[in-house]
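This is what each chain is made of:
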Amino acid sequence: ETGVTQTPRHLVMGMTNKKSLKCEQHLGHNAMYWYKQSAKKPLELMFVYNFKEQTENNSVPSRFSPECPNSSHLFLHLHTLQPEDSALYLCASSQRVDPDYGYTFGSGTRLTVV
Amino acid sequence: SQQGEEDPQALSIQEGENATMNCSYKTSINNLQWYRQNSGRGLVHLILIRSNEREKHSGRLRVTLDTSKKSSSLLITASRAADTASYFCATSGNNRLAFGKGNQVVVIP
Chain A
1 ETGVTQTPRH LVMGMTNKKS LKCEQHLGHN AMYWYKQSAK KPLELMFVYN
51 FKEQTENNSV PSRFSPECPN SSHLFLHLHT LQPEDSALYL CASSQRVDPD
101 YGYTFGSGTR LTVV
Chain B
1001 SQQGEEDPQA LSIQEGENAT MNCSYKTSIN NLQWYRQNSG RGLVHLILIR
1051 SNEREKHSGR LRVTLDTSKK SSSLLITASR AADTASYFCA TSGNNRLAFG
1101 KGNQVVVIP
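Just so you know, the protein sequences line up as chains A and B, in that order.
Start counting the first sequence at 1; every next residue gets the next number (the working numbering).
Start counting the second sequence at 1001; every next residue gets the next number (the working numbering).
A couple of the hints might just be wrong.
[Said to hold, decoys possible] Straight-line distance between alpha carbons at most 25 Å, and here's what the computed BS3-like set of lysine-lysine pairs gives: (1) A:K18 with A:K36; (2) B:K1101 with A:K19; (3) B:K1070 with A:K40; (4) B:K1056 with A:K36.
None of these hints come from the bench; they were simulated from the model.
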């Protein structure tokens, strides 16, 4: 384990469902990130949180709603998703937003929207 | 675009051989990082090379950086079957880490 834990590992949801992805780290990192990984595409940065404040929303549709209650926990709330939202969603953390020290990634949640 | 682009996209080698992959980028960077991703897992940070460094080693990994050509290479020496994975370069600048599409490496036992 890397120190960043994501749950669930796999999720299948219908387009009308509401679900949440969870990410947790106890590395003492202050920055957390959500990335989307689709086949044959570069990783897409979705959201950045620094000391639990959102500092970046990379033009993500409102059907994805992040929540960061504290520096150790990050959620991604999902509702009325589309089949093209099916992907591997990766959470990462770093000591600071400045990526000078590398990111630590979780194992991801494989999301399938049916 | 700051995004790294790996080359070749897919590489298949015999165990024991060396694997080399390249990454090119377009803008100035603070550092360049390489990550490994095993199938269905998250990315694992391998090595970071700063913009004022030209070469760095970590175990069987050797990374070079040529800022004049805006390119980097990752060499895995004496490859093992366990090195089978996707390898990503990521460029750091403007407080962002931008990843390339990845490079699939298959090491045949």
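Comparing the hints with the structure gives:
Restraint check: the Cα-Cα separation between A:K18 and A:K36 comes to about 18 Å, which is no more than 25 Å; the hinted pair holds. Straight-line distance between C-alpha atoms of B:K1101 and A:K19 comes to about 28 Å, which puts the hinted pair past the 25 Å bound. Restraint check for B:K1070 and A:K40: satisfied, since their Cα atoms lie roughly 23 Å apart, inside the 25 Å limit. A distance of roughly 30 Å separates the Cα atoms of B:K1056 and A:K36; the hinted pair therefore is violated under the 25 Å criterion.
Hints 2 and 4 from the earlier list are contradicted by this structure; the remaining hints agree with it.
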